[in-house]
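> Protein sequence lines, in the order shown, are assigned to chains A and B.
Residues 548 to 681 (my numbering) make up the first sequence, in order.
Residues 8 to 150 (my numbering) make up the second sequence, in order.
Keep in mind that a hint or two might mislead.
Straight-line C-alpha distance at most 30 angstroms; calculated DSS-like pairs for lysine-lysine [unchecked claim]:
1. K558/A - K573/A
2. K54/B - K676/A
3. K142/B - K573/A
4. K142/B - K633/A
5. K644/A - K676/A
6. K633/A - K558/A
7. K573/A - K633/A
8. K633/A - K644/A
9. K558/A - K142/B
10. K54/B - K644/A
11. K644/A - K142/B
12. K644/A - K573/A
13. K558/A - K676/A
14. K676/A - K573/A
15. K558/A - K644/A
16. K54/B - K573/A
Treat the hints as calculated values from the structure; they're not laboratory data.
Values in this document were obtained by computation on a predicted structure and should not be read as measured data.
Residues per chain, in single letters:
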Amino acid sequence: MSAPPGYRETKLVDPFEIFMGPVYEKIENGERRFALVVDERHVNGRGILHGGMLMTFADCTLGAKAWDLTNNAACVTLNMQSQFLKPARAGDLVEVKPELVRRTRALLFLRGDFTVAGETIFTASSVWKLLGRD
Amino acid sequence: MSAHPALPADAVEAPASGFNRQVGPIYNLPDADEGRVKRFVFAVAEKHMNSAGSVHGGMLMGFMDVAMSRSARAVSGAPRCSTVSLSCDFAGPGRLGDVIEAHVRVVRTTRTMVFLMGELRVGERVLLTANGLWKIAGMKTEA
Chain A
548 MSAPPGYRET KLVDPFEIFM GPVYEKIENG ERRFALVVDE RHVNGRGILH GGMLMTFADC
608 TLGAKAWDLT NNAACVTLNM QSQFLKPARA GDLVEVKPEL VRRTRALLFL RGDFTVAGET
668 IFTASSVWKL LGRD
Chain B
8 MSAHPALPAD AVEAPASGFN RQVGPIYNLP DADEGRVKRF VFAVAEKHMN SAGSVHGGML
68 MGFMDVAMSR SARAVSGAPR CSTVSLSCDF AGPGRLGDVI EAHVRVVRTT RTMVFLMGEL
128 RVGERVLLTA NGLWKIAGMK TEA
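Extracted from the complex, chain A is given alone in its bound form (with noise of 0.2 angstroms):
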């Protein structure tokens, strides 16, 4: 598969992401923004982009979110909240620059408006632990 205009595949660490991959990248004002590709391994019975796919690549990409904010730190997924707006289907480009909303010592509030042709079919929101900051 190649990468949509622009983007490069992103290197991607965490076997599952792999699987469920590829992710692509590219860089807008010194910032990641992230698009999948939509695949018949990610839709439902009825063609419709599956809601633990997107939630995957939520999670895959206000992840890479927080490591780009502290340096690769290790820090893990406290909760995430998902609504979804629009179906996507096989064939769609699903585009999100994660933003960060506010940042702790400990914590990072990170969000993210998921967009095919610039509609917003997902948003996420989600808290980050940085792991051993109190």
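Fit chain B to the given chain A structure using the hints.
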């Protein structure tokens, strides 16, 4: 019947395609609490892991999404239900070889919506708690 030796003997594999086949198999278990709790199970394999040696958060949320979707369809009788929102808290890590059960309780069903609460657990150890809101799709009253 279950193929995995650690799975409960009453686990039944459901037909799957796409995402569910890719991450599965995800099995159905008999209801608990007089039908009020729907139960599902999967066995953690290498493909489900992250690089820190825990089950990937995306797999845990995906499993809960599948469990709640099947529960919403079961209680509503609707052929199609879609996830509107899902909130997941990660209480503890899953490990390679764990047999993870989803327990889903239907809180309320209206004509168009299903409200659900769920837990993922390995024995008594809770991995994830969740609240979900599902839309019953494909009903004739829909615009």
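> Next step is simple, just say for each hint if it's right about the structure.
Structure-based check of all given hints:
Pair hint K558/A plus K573/A holds up; C-alpha atoms about 12 angstroms apart against a cutoff of 30 angstroms. A hinted pair counts as satisfied when its Cα atoms are at most 30 angstroms apart, and K54/B with K676/A qualifies at roughly 24 angstroms. Taking the CA atoms of K142/B and K573/A, the gap is about 35 angstroms. The hint is violated against a cut of 30 angstroms. For a cut-off of 30 angstroms, the pair hint linking K142/B to K633/A stands: about 12 angstroms separates their Cα positions.
The straight-line distance between the Cα atoms of K644/A and K676/A is roughly 20 angstroms, inside the 30 angstroms bound, and the hint therefore holds. Proximity of K633/A to K558/A is assessed by CA-CA distance (about 29 angstroms); at most 30 angstroms being required, the pair is judged to hold. With a C-alpha separation of about 25 angstroms, the suggested pair K573/A and K633/A falls inside the 30 angstroms cut-off, and the hint holds. For the given pair, K633/A sits about 18 angstroms from K644/A by alpha-carbon distance, which is consistent with the 30 angstroms threshold.
The hinted pair formed by K558/A and K142/B fails the criterion: a straight-line CA distance of about 36 angstroms is larger than 30 angstroms. Restraint check: the Cα-Cα separation between K54/B and K644/A comes to about 26 angstroms, which is no more than 30 angstroms; the hinted pair holds. A C-alpha spacing of about 28 angstroms is found between K644/A and K142/B, which places the hinted pair at or below 30 angstroms, so the restraint holds. At roughly 10 angstroms between alpha-carbon atoms, K644/A and K573/A fall within 30 angstroms of each other, so this suggested pair holds.
Straight-line distance between C-alpha atoms of K558/A and K676/A comes to about 23 angstroms, which keeps the hinted pair within the 30 angstroms bound. Proximity of K676/A to K573/A is assessed by CA-CA distance (about 26 angstroms); at most 30 angstroms being required, the pair is judged to hold. As the CA atoms of K558/A and K644/A are separated by approximately 17 angstroms, the hinted pair is consistent with the 30 angstroms bound. Our distance criterion of 30 angstroms between C-alpha atoms is met by K54/B and K573/A, whose separation comes to about 26 angstroms.
Violation of the numbered hints given earlier is confined to hints 3, 9; the remaining hints are satisfied by the structure.
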